[in-house]
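Asks: Residue numbers (this note's numbering), protein chains in the order written: chain F, 20 to 219; chain Z, 3 to 117.
These aren't lab readings, by the way, just hints derived from the structure by calculation.
Be aware that one or more of the hints could be misleading.
Subject to a maximum C-alpha distance of 30 Å in a straight line, what follows is the list of computed DSS-like cross-link-like pairs (lysine-lysine) [as the list claims (entries may be wrong)]:
| # | chain 1 | residue 1 | chain 2 | residue 2 |
| --- | --- | --- | --- | --- |
| 1 | F | Lys143 | Z | Lys98 |
| 2 | Z | Lys56 | Z | Lys98 |
| 3 | F | Lys90 | F | Lys127 |
| 4 | F | Lys197 | Z | Lys56 |
| 5 | F | Lys78 | Z | Lys41 |
| 6 | F | Lys197 | Z | Lys102 |
| 7 | F | Lys143 | F | Lys90 |
| 8 | F | Lys127 | F | Lys208 |
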Amino acid sequence: MSSRPMSAPDHRKRGTSASAASKSVHTGMLFALILCVMLFCVLQLSSPDGAYGAQGPEKAPLFELSDLQGKTHRLADYAGKVVVINFWASWCPECIDEMPSLNALYEKLRGKGLVVLGITSDRKQAPVEQALRRVPVSYPILIETTGKVFIRQYTVIGLPTTVVVDRDGAIAERLVGKTDFSTAAFARKIQDLLDKGRVR
Amino acid sequence: MKGLGPFVAGLVAAVLLAGCGPTTFIISKDGRAYYLGRKSQGLHDMICRSGDLKRVLDETSIPEDLRQEFYRYNCTQEHSKEKVVSLYLFLSPEEKEELKSAFRRHGYTINFVPC
Numbered sequence: 020m021s022s023r024p025m026s027a028p029d030h031r032k033r034g035t036s037a038s039a040a041s042k043s044v045h046t047g048m049l050f051a052l053i054l055c056v057m058l059f060c061v062l063q064l065s066s067p068d069g070a071y072g073a074q075g076p077e078k079a080p081l082f083e084l085s086d087l088q089g090k091t092h093r094l095a096d097y098a099g100k101v102v103v104i105n106f107w108a109s110w111c112p113e114c115i116d117e118m119p120s121l122n123a124l125y126e127k128l129r130g131k132g133l134v135v136l137g138i139t140s141d142r143k144q145a146p147v148e149q150a151l152r153r154v155p156v157s158y159p160i161l162i163e164t165t166g167k168v169f170i171r172q173y174t175v176i177g178l179p180t181t182v183v184v185d186r187d188g189a190i191a192e193r194l195v196g197k198t199d200f201s202t203a204a205f206a207r208k209i210q211d212l213l214d215k216g217r218v219r
Numbered sequence: 003m004k005g006l007g008p009f010v011a012g013l014v015a016a017v018l019l020a021g022c023g024p025t026t027f028i029i030s031k032d033g034r035a036y037y038l039g040r041k042s043q044g045l046h047d048m049i050c051r052s053g054d055l056k057r058v059l060d061e062t063s064i065p066e067d068l069r070q071e072f073y074r075y076n077c078t079q080e081h082s083k084e085k086v087v088s089l090y091l092f093l094s095p096e097e098k099e100e101l102k103s104a105f106r107r108h109g110y111t112i113n114f115v116p117c
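Only chain F is shown next, with the shape it has when bound in the complex (with noise of 0.2 Å):
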């Protein structure tokens, strides 16, 4: 075996096995990034149940439910016009944050054929009038006694959640959590949808 000092080839040759071997683990950072996208991606999406990432638009489930004065509303009834359904508790903090904004925005395009439908999960009247006089809405608010629509209709999994229902009775978005109604985008969405299918 022969030593010879390292001849200036031989540094070369080392810088560039070192910028191979970076090369490298960058490779494998951004192979390894995109795994891990795509396993998120697939693990989040493909639900055994099939409640989420179904193909084409998912149609709203049909309801039947008492407002607070006692009178039924039948998402039926709303056919034809874009419905904004809020599902919400009197326990939940963000769910009363939002409202302002909804109702305003209810305001604002009501008139233009839109419905907002608040729907608590509250089974006690009074914690729900309690909320309702810090945080007054003149969107009807339905009460759901039974979680049949919460639960197995639409699976609420967090709250607030809001499901915006085009002309046609499908869900065209699905928002869960905290929103703010009150931004250009979603009037803009609201308005997308309002003039979409409207008798011309």
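Since chain F is already given, all that's left is putting chain Z on it; use the hints.
Replies: Relative to the frame of chain F, chain Z by itself:
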């Protein structure tokens, strides 16, 4: 081999992220811990086959039909993680506390992990 480190780290991060969806709470007993509602043979054996979930639910004032649904979505062929989460969300804060207390009375440790 050097490129494998970041790959493994990414994989672990992906698994952690994927496991961080909407949750109920973690229940543990005899050193085993599970998210309530997750599909797992271990969880099924612990709360369903043992009869614990039935006993726990019977000790709460949760309405009968909701108790049945809670059992159905946890312990039968209709198992659904989303429905369990939805049902848990539908319960009032008092009912959630009652449910957790009943689990504790049956030897379970409850850990709420916000995600």
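Asks: Next step is simple, just say for each hint if it's right about the structure.
Replies: Status of the hints after comparison with the structure:
1. Lys143(F) <-> Lys98(Z): holds (16 Å)
2. Lys56(Z) <-> Lys98(Z): This hinted pair holds, its Cα atoms lying about 16 Å apart.
3. Lys90(F) <-> Lys127(F): holds (24 Å)
4. Lys197(F) <-> Lys56(Z): violated (35 Å)
5. Lys78(F) <-> Lys41(Z): Distance ~27 Å between Lys78(F) and Lys41(Z) Cα, so the pair holds.
6. Lys197(F) <-> Lys102(Z): Satisfied, since the Cα-Cα distance of roughly 26 Å is no more than 30 Å.
7. Lys143(F) <-> Lys90(F): holds (17 Å)
8. Lys127(F) <-> Lys208(F): holds (14 Å)
Of the numbered hints listed earlier, the single one contradicted by the structure is hint 4.
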